[in-house]
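**Q** Residue-level listing of the chains:
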Amino acid sequence: MTNSFKTLAAFFDQFNDEVQGRDLGEPPEEIRAKLRLLARGGLPATEHQELFVQLNQSPEWVTVLAREMKGLRQAPQDRTNQLEQ
Amino acid sequence: MIKSAGEPADDLLQVQQCLRGDAAALAALRARLDGVLKAILRSRGASLTEAEDTLADLWGDCVPKDDERAALLEKYRGNCPLQGWLAMVATNRWYDAKRREIRGVEITRQAAEMLGASHAPEGETRAEAPADNALMELLKDSLKAAFLACGPREMVMLRLVFLHGLTQRVIVRMLGWNETRVSRALSAAMQQIEKKALQEVRRRDPWLELTWGDFLELCETRQIGFS
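Chains as they are written, first to last, in the numbering used here: chain A, 93 to 177; chain B, 82 to 308.
Worth flagging that the hints you see were computed from the coordinates, not collected in a lab.
Just so you know, not all the hints are guaranteed correct.
What follows is a list of derived Cβ distance ranges for each label pair [unchecked claim]:
hint: 1; chain 1: B; residue 1: ALA90; chain 2: A; residue 2: ASN95; range: 13 to 23 Å
hint: 2; chain 1: B; residue 1: ASN259; chain 2: A; residue 2: GLU118; range: 25 to 35 Å
hint: 3; chain 1: B; residue 1: ALA151; chain 2: A; residue 2: VAL145; range: 39 to 49 Å
hint: 4; chain 1: B; residue 1: ALA269; chain 2: A; residue 2: GLN149; range: 16 to 26 Å
hint: 5; chain 1: B; residue 1: ILE183; chain 2: A; residue 2: GLU139; range: 43 to 53 Å
A quick note: this is a predicted structure, and the numbers were derived from the prediction, not measured.
In this text, a Cβ means the ideal position worked out from N, Cα and C, and glycines have one as well.
Please build the complete structure, drawing on both the sequences and the hints.
**A** So, in structure tokens, the structure goes:
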């Protein structure tokens with residue numbers, strides 16, 4: 093399943109710059125704040141749908157969300173490392 | 082001596098031998114792959130005659146001829162197996178020819194209806210100009226329909242897990258679901274994409290018989306072998 097979606101997305105994305113809206117770049121601060129909340133599980137469920145629609149229109153914002161989520165995952169380890177040092 | 086292996090590096094070596102004018106190398110390549118390619122075309126909906134005609138043309142175009150056109154094999158870069166690469170080229174060619182044939186028949190019928198049977202055009206009618214890459218357009222449009230049919234939340238989940246490498250546990254925290262629900266949602270989304278994409282292919286071209294494996298292989302070969 094992993095490779096399948098990656099294959100499909102790579103194939104699709106090469107044709108679809110205009111559909112995917114890549115030129116939008118970084119999200120505005122309002123969206124960025126919502127992404128931070130979403131990553132932490134703190135965005136009200138009633139706001140999920142609208143944000144997911146926006147993320148689909150600008151898939152590069154999913155990268156921002158992924159960064160936020162990875163940051164959360166790394167944070168406890170970073171703290172442990174700092175304590176060990 | 083041509084090996085029977087299908088590793089891209091070996092394939093590239095064989096292709097270079099063919100392009101240098103080694104007739105035995107080309108004959109060996111044809112002997113190795115013709116039957117496989119014919120079976121692939123047949124499984125994708127081509128008649129025996131269509132498959133044989135497509136492959137006869139394909140092998141003829143593989144190496145330089147007297148005209149100034151580039152040989153087909155010159156475009157092979159060795160970054161994917163030659164069998165898959167040639168299968169894609171052959172499928173593309175057969176698909177284009179079949180579409181032209183069907184469009185030609187449709188245009189004849191429509192013209193006959195418009196003009197009345199007594200004024201129907203004689204013989205073969207004009208066919209649509211060959212599309213640059215009609216098969217890729219079909220795959221892309223079918224995939225677009227499938228992605229649109231998939232929920233926006235599920236598309237984001239798929240991207241996070243399969244493109245950005247996040248674990249399902251992280252998605253659990255984001256959505257407040259349990260892991261089973263996340264896992265089921267991802268599986269269901271992939272199944273829906275598969276079903277919708279193949280449905281769309283069949284809706285547009287009922288004579289084209291692509292399995293999901295074919296669909297993925299064509300997408301992958303286009304991505305790797307022609308980029």
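**Q** Does each hint hold? Answer for all of them.
**A** Now the hints, each set against the structure:
1. At about 22 Å, the beta-carbon gap between B:ALA90 and A:ASN95 stays in the expected band of 13 to 23 Å.
2. With their beta carbons about 33 Å apart, B:ASN259 and A:GLU118 fall inside the hinted range of 25 to 35 Å.
3. In this structure the hint that B:ALA151 and A:VAL145 lie 39 to 49 Å apart at CB holds, the actual value being about 46 Å.
4. Remark: the range hint 16 to 26 Å for B:ALA269 to A:GLN149 is upheld by a beta-carbon distance near 23 Å.
5. Here the CB-CB span from B:ILE183 to A:GLU139 is close to 48 Å, well matched to the stated 43 to 53 Å.
Violation of the numbered hints given earlier is absent; every hint is satisfied by the structure.
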